[in-house]
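Both chains come to you apart, so use the hints to assemble them.
Those protein sequence lines, which keep their order, are chains A and B.
Each residue of the first sequence is one higher than the last, beginning at 9 in this note's numbering.
Each residue of the second sequence is one higher than the last, beginning at 3 in this note's numbering.
Don't read these hints as lab results, they were simulated from the structure.
Glycine included, C-beta positions come from ideal geometry on N, C-alpha and C.
Mixed in with the good hints there might be a few duds.
Estimated spans, in silico, between C-beta atoms of each pair [unchecked claim]:
(1) B/SER72 x A/GLN338: 24 to 30 Å
(2) B/GLY139 x A/GLY271: 47 to 53 Å
(3) A/GLY268 x B/SER72: 52 to 58 Å
(4) B/PRO53 x A/LEU417: 34 to 40 Å
(5) B/GLY101 x A/ALA185: 38 to 44 Å
Covered by chain A, according to a simulated footprint, are these stretches of chain B (three or more residues, beta-carbon under 8 Å) [as the list claims (entries may be wrong)]:
(6) 70 to 77
(7) 107 to 114
(8) 117 to 125
Here's the letter readout for the chains.
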Amino acid sequence: MSIRVLIITPGDVGQRMSAPGIRAFHMAQALAQALPHARITLAAPKVDTRLQGFPEMVEPYSYRDRPLLWAAQDADVVVANFLPVRLAPLCTHKLVVVDLFAQYFAEWMEVTVHQEQGLTRHLIWLERRAYIAFQLAVADLVLCANERQRLSYLGALRALGLRRPVAVAPHGLRPQAPQKRRQVVKGVHPGIRPTDKLLIWNGGTTDWYDPDTFLMALHHLAQERDDIKALFLGATYPNVPTLGWGRRFRSAIETAKQLGLYGSTVFFEFGWVPYDEVPDYLLEADAGVCAYSDHLETYYSFRTRFMDLLWAGLPIICTKGDTLAELIEQEGLGFAVPPGDPIAMAHAIRSLLDDQEGQERIRKRIQQVRQRLTWEQAMTPLIDFCRTACPPARPRYSRLWGEVFPWALNYLATRILRELARGEAPWLARAPQRVASRLARIMTKEP
Amino acid sequence: MKVLALRGPWPSLGPQAQGWAEAFAAQLAPWLEVVVGEGEGCQVIAAPLLPVQTFFGPKRLVLDTRPWPSRWLEGALGRKERARLYLQLAMADHIICEGAVERDNIIGALFALGLVWPSTYIRDPYLGRLVICAQNGMDGLVQALSHPTPAKRRQRISVILRKGLLSLI
Numbered sequence: 009m010s011i012r013v014l015i016i017t018p019g020d021v022g023q024r025m026s027a028p029g030i031r032a033f034h035m036a037q038a039l040a041q042a043l044p045h046a047r048i049t050l051a052a053p054k055v056d057t058r059l060q061g062f063p064e065m066v067e068p069y070s071y072r073d074r075p076l077l078w079a080a081q082d083a084d085v086v087v088a089n090f091l092p093v094r095l096a097p098l099c100t101h102k103l104v105v106v107d108l109f110a111q112y113f114a115e116w117m118e119v120t121v122h123q124e125q126g127l128t129r130h131l132i133w134l135e136r137r138a139y140i141a142f143q144l145a146v147a148d149l150v151l152c153a154n155e156r157q158r159l160s161y162l163g164a165l166r167a168l169g170l171r172r173p174v175a176v177a178p179h180g181l182r183p184q185a186p187q188k189r190r191q192v193v194k195g196v197h198p199g200i201r202p203t204d205k206l207l208i209w210n211g212g213t214t215d216w217y218d219p220d221t222f223l224m225a226l227h228h229l230a231q232e233r234d235d236i237k238a239l240f241l242g243a244t245y246p247n248v249p250t251l252g253w254g255r256r257f258r259s260a261i262e263t264a265k266q267l268g269l270y271g272s273t274v275f276f277e278f279g280w281v282p283y284d285e286v287p288d289y290l291l292e293a294d295a296g297v298c299a300y301s302d303h304l305e306t307y308y309s310f311r312t313r314f315m316d317l318l319w320a321g322l323p324i325i326c327t328k329g330d331t332l333a334e335l336i337e338q339e340g341l342g343f344a345v346p347p348g349d350p351i352a353m354a355h356a357i358r359s360l361l362d363d364q365e366g367q368e369r370i371r372k373r374i375q376q377v378r379q380r381l382t383w384e385q386a387m388t389p390l391i392d393f394c395r396t397a398c399p400p401a402r403p404r405y406s407r408l409w410g411e412v413f414p415w416a417l418n419y420l421a422t423r424i425l426r427e428l429a430r431g432e433a434p435w436l437a438r439a440p441q442r443v444a445s446r447l448a449r450i451m452t453k454e455p
Numbered sequence: 003m004k005v006l007a008l009r010g011p012w013p014s015l016g017p018q019a020q021g022w023a024e025a026f027a028a029q030l031a032p033w034l035e036v037v038v039g040e041g042e043g044c045q046v047i048a049a050p051l052l053p054v055q056t057f058f059g060p061k062r063l064v065l066d067t068r069p070w071p072s073r074w075l076e077g078a079l080g081r082k083e084r085a086r087l088y089l090q091l092a093m094a095d096h097i098i099c100e101g102a103v104e105r106d107n108i109i110g111a112l113f114a115l116g117l118v119w120p121s122t123y124i125r126d127p128y129l130g131r132l133v134i135c136a137q138n139g140m141d142g143l144v145q146a147l148s149h150p151t152p153a154k155r156r157q158r159i160s161v162i163l164r165k166g167l168l169s170l171i
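Just chain B, with the same shape it has in the complex (with noise of 0.2 Å):
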């Protein structure tokens, strides 16, 4: 399996983002091979902020959440920062947390948006392939990838962003 990592350009998270690719690739060097930069032999595309063309393609993505929780928690996120981070949360297939705080943090959040369907639990009922917490390494990622369909089908209908609430019809 190869990994492709794309740097997000999300200016506004800051020094935080900055080497964010070579950092991820570092993480899952010992489990991947991993290839950073824009490729057709991907299979997967991980980022702290997904490019919205890769929404609607066939490949696996992966949302870093990393970056952000502690400023959306406090409410520092602006209101179209906010909505892009849920249109995020809708899309990818596998999410990445720091760790247990921002694991539970994340799953109530994915809760109250509507992004946990009945599916969505019988396939993974401990959202361990969705949310998958990085704190001990990347094992969690790697066994969710190799998983033949990821937990989540992927939300492919409307979205309607409303003072950076998202609502799915």
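Pulled out of the complex, with its shape left as it was, chain A reads as follows (with noise of 0.2 Å):
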């Protein structure tokens, strides 16, 4: 009999999806294509089965319309990149794989040290932290993008008393070569000329990203030049109204203002580019470029954003710090340089834009690496894991009940603590006093 999988992603997929969605739907490609003879099944809020490549044999499956359990009922794999806590029971006749492609620990750490303050930051951290074991906790399987992240998984883990294995399956790069179908920059967007120089800023700009050092270069390099233009791809986040126009990409907005750059210089595309136009944007651009802080959560990151460039095969300058940097430098894909130091950026800026010869060097290594990062390739543990695996053959409740249920209350326990705290549950605040005026009202009624 055939294996069924179920692939659940909590983003879109479609022509407006990020990257949890993006990942969802190339991994669908990817089992497709390695298990003909299995039954796949993408879920997602919503699924557009017009996107370019999506596979005839995979099901798509809208969970904005219909309950997911519909679909996890008939699945022997389910690998979800969070699996609903409401689907917990699962575990124990079906195999889980999480997808955890970024540390989340250190992301989310470093998404509630600017979100909120005081009490509420703490709860919604310890929300988060635990969610992120029950995600450990119910799975039998552990997908991460980098050795870092593997190893810090691995003893989170062995911390919270799991034995898991864990399975490093990066970002991939897009099957098809990347086509241009129109001019949408250079000569059409106001104030960029055919004969700019442009660096693409590709994806969105949260909380960890660090666009003032880019600004503070290009600052640098307009005293000198007019030729160097630069475009900021992304705003909102799909499905993450919370991470879109965050306080970072606004600061970013205000520093161009103040430095004089903005509608000169820097350009922003307030929106998300639809995925099959992102191409028409990197095919035009010179370079991409990308700058983030020197934190936990840029050690342990990889840039999913840097697949697409290195796709179009477009020359990188970073800030050193993540795994993707490392490659960059070691390879010779582009610059990276220290983090927090735009007289750096703006040299290795005007290093590559000046030298042609440079950057068909660099483009010629990019098509070397281009081989070896395929979503194949990326996702051989996976497919690996599906093609073997056998469904418990006897429910496993001892793992529901002593490994995944204490992570599942943990979660809805501190959830509802947190919605407490900020005023989200005004029924819940209300609890208690409707019961002891009930009490009340019992305890003083006359027999």
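Below you can see the structure in the form of structure tokens.
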């Protein structure tokens, strides 16, 4: 009998998708190619099958319209970026693969410290920590994106008293060659001439990015020339309203205005560029740029946005600190500069844009590296797992009660506390008062 | 600054723990005046197993985890040993580990155990003062000790130990 695989992603799959949706879409593609007899279902809040390369044998399932449990009932293997807590009982008789393609402890800590203050901040952190622990507890296989993440998840699993395999399955490059369909920036965008050099900031600007260093570097360069332009692609994150238009993005706009770069050197796309239109932007660019601060999130990160830049053959200028920056340095795919150093970044931009031969050399090296960054290779651990998957012969209730439920309850309890603290659960806040008044009425009621 | 190094009474660690204090003192010698043995004037207590009576004192506590990560990851530590270890992680101001691999393991463990709070992260976003790699010498520890306050506020709250799992309330 063919294996039935359900892939669940919290992000939409369609033209407006960010990393979780992109990853689930290509995961489904890779599984469909490697396991032609498998029945694969791709479940997302919204799935658009008109997306270029959507495999025919993959069944789309929009769980905004229907309960997710219906799709999960039929599956042998459930692959989820985050498994909803309500599906926890599935782990008794199905195999669960949890896809943690970031070090979420560090990433959510970085988000938490910038979002809230005082008690609410601590409650949010406790809730998020319990949610990640729940994901680790419910998994039969944990996927992550690089070796650093793997080691930290192994430590976390050991600390939680769990034994689970952790495999590295990074992001891959789109399978089809990039094709330009129309001119979108140079000579089209007001303020960007056809002869200008274009730098692309690909993706959104969340808390852990450092656009200010990039903007300061551009300011430095703007003193000597006016042919370097920068375009920020993406402002609102699909499905994640808390990430888009965030503190960092707004401060980037403010900084650009203060430095006199807004609308003359620096441009912003206010929205989210459709997935199939991204190549039009990338193929007009001369280089991709990204900068981030020096902290734990950066150390563990795998910048998925770099994958599209490499796919389009763009040299990359970034800050040091993560594994892809190491790859860029080692393989000569661009420049990695120290974090928070606008002068070094300006120097790197100048060196790259003024050296046509150097750019060609980098593009050739990218062509060589691209061959080993395919989705099929990246997803090998998952493909192997699904190929040999054997659902448990008898229900694993001990795992559910002993390992999964404590964390599910911990998560739900901290969530309720957090909602109470933020005043998001007025029904819950009023509940003790209602119970007390009902009791008082019963007590005072005459026999 | 003086450092007081204590030998950890952890016989189950075997020969690795033997001579720890001398080795630790030797590593710190280029940077610090090191005092091996107990004394009143010390500011820092370092050991592979910190004595419980030091937990609530004002001195800076340095936990040297180097003898145990491989056994811990292999699951060779018993329930009590594991619980003791997590308690040590909770109480330590600075944690020394062997290299980058062990550092990643320990950071994952600290997050999972709830020992890294937002306040810790704000003070030390790289956790470089909390978890120190000894691979390239003790420079990192000396820098961390030179900082006026430790990155992590010591856990002065009740601790429940259950099945070797530490949870804080």
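Hint check for A/GLN338 and B/SER72 - Cβ pair distance inside 24 to 30 Å:
Given a distance of about 28 Å, which is inside 24 to 30 Å, the answer is holds.
Should the hint that B/PRO53 and A/LEU417 are 34 to 40 Å apart at their CB atoms be regarded as holding?
With a Cβ separation near 35 Å, B/PRO53 and A/LEU417 satisfy 34 to 40 Å, so the hint holds.
Between the segment 70 to 77 of chain B and chain A, see if three or more residues pass the 8 Å beta-carbon test, and mark the coverage as holds or violated.
holds (count 3)
Does 38 to 44 Å hold as the CB distance between B/GLY101 and A/ALA185, or does it fail?
41 Å, holds
Quick check: the segment 107 to 114 of chain B, covered by chain A? Criterion 3+ residues, Cβ under 8 Å.
As far as the segment 107 to 114 of chain B goes, the hint holds, because 8 residues have Cβ atoms under 8 Å from chain A.
47 to 53 Å as the expected CB spacing between A/GLY271 and B/GLY139, which holds or is violated:
51 Å, holds
Are there three or more residues in the segment 117 to 125 of chain B whose C-beta lies within less than 8 Å of some C-beta in chain A?
Check passed, 5 qualifying residues.
B/SER72 and A/GLY268 - C-beta distance against the hinted 52 to 58 Å:
57 Å, holds
The structure is consistent with each of the numbered hints, conforming to all of them.
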